[in-house]
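Based on the provided sequences and hints, a complete structural model is requested.
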Amino acid sequence: MKHRMVVLVALVLAYGAVPLLLGSMDYVMSLIIAALTIGGVALAWALLGNLGGLVSFGHAAFFGVGAYTSAILVVDHHWPVLLAMVAGGVGAAVASVATMPALRLRGPYFALAILAYGHIFRILAVEATSLTGGAAGMLSIPGFPTLLGINLASKTGAYALILTIVLLFAWLYGLIRRSTYGLALRAMHDSELATRVVGVPSTHLKAAMLVISAFMTGVVGAFNAHQINFLDPEYAFASSWTVLPIAAAIFGGYRTVWGPVLGALVVFLVDQLVFKELMPSGHQLVFGVLLGGMVILGPHGLLPLLGRWSKKEASHAGA
Amino acid sequence: MLELDAITMRFGGLTALHAMSLSVAEGETLGLVGPNGAGKTTLFNVISGVYAPSGGTIRFGGQDVGALPQWKRARVGIGRTFQIPQPMRELTVRENLRVAQRFGAGKEDPAALDEILDLLGLAHKQHADAATSLALTEQKALEVGKALAVRPRLLMLDEVLGGLEMATKRTFARTLETVRARFGLTMVIIEHDIETIKALCPRVVVLNFGQLIADGTPEAVFNDPQVIRSYTGDTPA
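The listed protein sequences correspond, in order, to chains V and W.
In terms of the working numbering, the first sequence opens at residue 1 and continues consecutively.
In terms of the working numbering, the second sequence opens at residue 320 and continues consecutively.
Hints listed in this document are in silico derivations from the structure and should not be mistaken for laboratory results.
All C-beta atoms in this analysis are idealised placements derived from N, C-alpha and C, irrespective of residue type, glycine included.
Treat the hints with care, since some could be wrong.
To be verified - Quick list of simulated restraints, FRET-style, between CB atoms: (1) Ala518/W <-> Gly107/V: 37 to 47 Å; (2) Lys2/V <-> His443/W: 23 to 33 Å; (3) Thr490/W <-> His119/V: 58 to 68 Å.
Unchecked claim - Covered by chain W, according to a simulated footprint, are these stretches of chain V (three or more residues, beta-carbon under 8 Å): (4) 196-204; (5) 213-227.
Stated by the list, open to error - What the simulated footprint calls covered on chain W by chain V, stretch by stretch (three residues with Cβ under 8 Å from a Cβ of chain V suffice, anywhere in the stretch; the number is not a length): (6) 386-393; (7) 408-420; (8) 458-470.
Here it is in structure tokens:
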């Protein structure tokens, strides 16, 4: 009951209070949208890391493929934007199938192999000029439509859309995590041999997590393409679409569902609204120190740290 | 039930199993003994699919299982434990069994899990963290529990009594006998304690340097001069 109330209050705040209080501040809304975009990728990355036990350095590839798939379908084939965004996710999921040989690798070898795949997709986007516009990119990508009277192309509308996407993905992640498949996947994180010997098809499950994670990242990439209305390979496949979500997920707590989203909001908004104001150049250094501090002081991330503090407070209050 | 024909396992220049052939009948409890490094665990790893053998065939229940991946061997009914317990570290005791049952046996059956937990004396620890809350005996019981949750026809126990005190070992051995009778299992047991082997296994095979050197009743095998030599350190001629 208490949990439901917390969720309800959070939803009211997210869908009501944020647009009402900040809706007129375009710059702040843009930052929140960007933070949620990173949060969406961080969530997808953490799903693969937490449930698949795989550390990916190549999520920029899925982001870029999703963005290009959706943009091409809308620009060249006149698909409705929202449907094309889902197709963007499917495109990224299909692209992830090409990376599956890397599932035979473990630890840093998988991470490096998937990084290489990311570069391959970027090169393909540059070379497939007739499809992608090559290095020059794609201009005037149509933005979001109006849905149920809400103009999704406005800052408030785009915010509501990315918020809904992230919430849906978090719900799906939670659903998987709570299932028996989720139990097996969590177990695989540290004890893969123990799971295989009792009949868990660990490679199949990892592959499924890779596809789901790629789908989520692709949808977020597609969202971004229609929000900024422009794409080029350097931007769409930029390493920052991998690095920032990883940093956000680790900062927030990558083994939790909400940690990566919280991490993205805190890391990006604090960096942009506070550190950037104080240190217009080199503000990322402060974030680096912050991330290092978090890894040392709370290696499980911000959300588990807050959970421990609130438990301590509750036990003090009860004493 | 289990037929191994000319199983060979090489690791680079080292041959851990030399063209080994062995049959285990349904309902049999077989003791597998031998000095350290004889190839006992390697044999378990080959049967359960951890290693792909360099040569030979493995038939289980009349089916050639040599090409099946490890997880499918569990699903056809081959359950095993590890010498060093391998709990699923993120999960509770009951969740460990749930995963084994869901994937190994194909469906969840809470009543069957309750029975396994009761038989192995783990009911009171079912919600405990499997990685941090169990004593050695309980860790070993969880190993057996996971293997049982798969609903195996063949249960392979790799030194599951190793490291336990003598009294605990005797109690645990009786539990294994109860489990075998309750689930109608065929069992292969790797164990160094000769008294335990004698108590549990009507038939014993001895491995040395990857070769089967004796096969028979415990009395016959443990009085075999070749077996005695293998333990006293003489290499085979």
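Hints versus structure:
1. Ala518/W <-> Gly107/V: 37 to 47 Å: 44 Å, holds
2. Lys2/V <-> His443/W: 23 to 33 Å: Holds - the Cβ-Cβ distance for Lys2/V and His443/W, about 29 Å, lies within 23 to 33 Å.
3. Thr490/W <-> His119/V: 58 to 68 Å: Holds, since Thr490/W and His119/V (Cβ atoms, about 60 Å apart) stay within the stated range.
4. 196-204: holds (count 7)
5. 213-227: With 0 residues close enough to chain W, the hint is violated.
6. 386-393: holds (count 5)
7. 408-420: As far as the segment 408-420 of chain W goes, the hint holds, because 8 residues have Cβ atoms under 8 Å from chain V.
8. 458-470: n = 4 at 8 Å, threshold three: holds.
Checked against the numbered hints given earlier, the structure breaks only hint 5 and satisfies all the rest.
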